[in-house]
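Trainee: Given the sequences, and given the hints that come with them, work out the whole structure.
So the protein sequences, as listed, match chains A and B.
Under this note's numbering, the letters of the first sequence match residues 822 to 1272, in that order.
Under this note's numbering, the letters of the second sequence match residues 322 to 483, in that order.
Careful: at least some of the hints might be erroneous.
What the hints assert, rightly or not - When the alpha-carbon atoms are kept at most 20 Å apart in a straight line, the in silico EDC-like pairs for lysine to aspartate or glutamate are as follows:
id: 1; chain 1: B; residue 1: 394; chain 2: B; residue 2: 433
id: 2; chain 1: B; residue 1: 478; chain 2: A; residue 2: 869
id: 3; chain 1: B; residue 1: 404; chain 2: A; residue 2: 1030
id: 4; chain 1: B; residue 1: 378; chain 2: A; residue 2: 1030
id: 5; chain 1: B; residue 1: 341; chain 2: B; residue 2: 372
id: 6; chain 1: A; residue 1: 937; chain 2: A; residue 2: 1088
id: 7; chain 1: A; residue 1: 1253; chain 2: A; residue 2: 1236
id: 8; chain 1: B; residue 1: 378; chain 2: B; residue 2: 433
id: 9; chain 1: B; residue 1: 324; chain 2: B; residue 2: 361
id: 10; chain 1: A; residue 1: 983; chain 2: B; residue 2: 358
id: 11; chain 1: B; residue 1: 341; chain 2: A; residue 2: 1234
id: 12; chain 1: A; residue 1: 908; chain 2: A; residue 2: 867
id: 13; chain 1: B; residue 1: 478; chain 2: A; residue 2: 979
id: 14; chain 1: A; residue 1: 865; chain 2: A; residue 2: 838
id: 15; chain 1: A; residue 1: 983; chain 2: B; residue 2: 461
id: 16; chain 1: A; residue 1: 1115; chain 2: A; residue 2: 1129
id: 17; chain 1: A; residue 1: 865; chain 2: B; residue 2: 350
id: 18; chain 1: B; residue 1: 394; chain 2: B; residue 2: 335
id: 19; chain 1: A; residue 1: 1115; chain 2: A; residue 2: 1127
id: 20; chain 1: A; residue 1: 1227; chain 2: B; residue 2: 335
id: 21; chain 1: B; residue 1: 394; chain 2: B; residue 2: 358
id: 22; chain 1: B; residue 1: 478; chain 2: B; residue 2: 461
id: 23; chain 1: B; residue 1: 404; chain 2: A; residue 2: 844
id: 24; chain 1: B; residue 1: 324; chain 2: B; residue 2: 461
id: 25; chain 1: B; residue 1: 478; chain 2: A; residue 2: 867
id: 26; chain 1: B; residue 1: 378; chain 2: B; residue 2: 423
id: 27; chain 1: A; residue 1: 983; chain 2: A; residue 2: 838
id: 28; chain 1: A; residue 1: 1159; chain 2: A; residue 2: 1030
id: 29; chain 1: A; residue 1: 1227; chain 2: A; residue 2: 1030
id: 30; chain 1: A; residue 1: 1179; chain 2: A; residue 2: 1085
id: 31; chain 1: B; residue 1: 378; chain 2: B; residue 2: 331
id: 32; chain 1: A; residue 1: 937; chain 2: A; residue 2: 1085
id: 33; chain 1: A; residue 1: 1115; chain 2: A; residue 2: 1234
id: 34; chain 1: A; residue 1: 983; chain 2: B; residue 2: 423
id: 35; chain 1: B; residue 1: 378; chain 2: B; residue 2: 359
id: 36; chain 1: B; residue 1: 378; chain 2: B; residue 2: 399
Because the hints were derived from the structure by calculation, they are not lab data.
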Amino acid sequence: MAQTFAEKILARKSGRDEVRPGEIVIVRPDRLLSHDNTAAIVGKIDADLGDRTDFRAAKMGLSPSAHVVVLDHVVPAASQKDAENHKAIRAYVGRCGVENFFDVGVGVCHQVMVEKGLALPGMLVVGSDSHTCMYGALGVFSTGVDRTEAAALILTGETWLKVPESIRIDLRTGAVPTFGSPKVGLSPFLTGVTAKDLILSIIGLLGADGANYQCVEFHGAGGLSIDQRLTVANMGVEMGAKAAVFAVDRRTQEYLDSIGVARDRYEPVWADEDAEYSRRLEIDLAAIGPVVAKPHTVDNVVPVEEVEGVTINQCLLGACTNGRASDFELAASILRGKRIARGTRLLLAPASREELRKSIASGAIDALLAAGATLLPTGCGPCLGAHQGVLAPGERCLSTSNRNFKGRMGCAEAEIYLASPATVAASAIEGKITDPRKHLPSPASRERGRG
Amino acid sequence: MTKIWRYGDDVNTDMLFPGKYTYSCSTAEQILPHLLEDLDPAFAAGVRPGDILLAGKNFGCGSSREQPALGLKAAGVEAVVAKSYSRIFYRAAINQGLLLVECPEAVEAYRDGDEVRLDAAAGTIAVGEREFSFPILPPEILAIRDAGGLLPYARAKLRSQS
Ligand code: SF4
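Mentor: Here you go:
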């Protein structure tokens, strides 16, 4: 019988020929990700781990290479408590022989999973973080789990999953006018529009629970770059999805080649053409314009025109959603030679050290700093409001991150608007929410920007 | 006799366990007095082991805090029977060993005073004179419940392997 991506991969991982939505399967995930919450997870099984020195000696179910630990949420430590937490995690990593440990400064866990080749096509990955769904961009079935589950997974190496129904979204690209230069012209979006506007528009359409417990498959996405797919898949959870996935194609392979992953190390999985879906949707990319998610829910999406002129105290460019070199280059193409408005802060939170290095090499960071931006350490930074860029009551932030919940940036009386890097860059110039199409890059900097 | 606690649609995690206690209460003893505090003040004092909750759609929506599932389990609630569940609550409940039954027909059929009997292994629920079936939970999920939650289950499994 024809199968969806989710059915196929979960059948494979549970050793069955086929599985149906609603069934529960016992699976052995290829990887478990945890971050600054590792100590809290391991604390639940301290007694089980005892004084054993590694997973193998302890006959733990999870292999030492399967657990990936990344310190990213509050880095470098902002308080003694954070420092003690990090210290406890390093001790655990040493004691249990966790091979894939990435200390402070390597990057946000999800970007690290991708660029270190730890999330590969056809894999099943779980992480104790809700945006684990990002690796769907590379044809991975990846989803967030709670701490109890992560702890049990360390003990046994396996967990249970309910086979989700799937929603199929077909992306249509017509003859789309684009930025103009040959390189930039590859973008399937209209001028000034990005993948962030696409996913925000979809979430606005389906609602915050519109894909509850489902796997969202994106078809016809060949025109989207890997970075664009990462932005889209990252936000799958904001419509309730268990996973959000793209087919593996030439672009995926070339990306994996570029990070040194040999083609025989992964086996792509994709849906059959006549698989059954709970819902099907077609999106015309040429019909997507710049949008903004207003406080305090991600599905509160309106065209940018509707909120133009709303004053902004802080702009955030970065996070795992939009903190890659292509995002900084796009913002730099708009801000190059300009200054951010008085009374507005522009914070840069690179998703990883690698992406930061690329952005430095391309000159994007220099252009942004010249325009008045502040560069933060690679990591989650202001995205979760634990430190760095915390807002004051009555303040407003325009951010490229993925959540605008009340209190998300550390203050319940502040407001967060979500938008694309282009909209954030244009708005930083004016100090208020601005349609990015009013600040289109000059021909010279167009060459560097990519929608 | 099994008491049936009946509620409507969209019972969220704040109604099940007020958010203001999220960081001060984490053990069963701390959670129990506040369970369903804002939804049904009589619940915490009146609930007895073996009782059943009957609810509408999207039960447990809202935050990912694990106290509601932990608390209902600790109170000895035999099962929640609802029309549907939010994804996060569904997983949290199973991991805490709380039985969830998804059976809209049974919820519709219930009339005050009806007796409700549940056979999780057979996948049947009797409401008064009528009987309904729901998808049988796989043995693995029933085993998680019988062990008292995912961690005790994992431990037992490890012991049996070594
Ligand atoms: S950058 Fe923000 S959304 Fe991404 S992992 Fe960090 S806290 Fe979560």
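Trainee: Honestly, which of those hints from before does the structure not fit?
Mentor: The structure breaks hints 1, 5, 10, 14, 24, 28 and 30; every other hint is satisfied.
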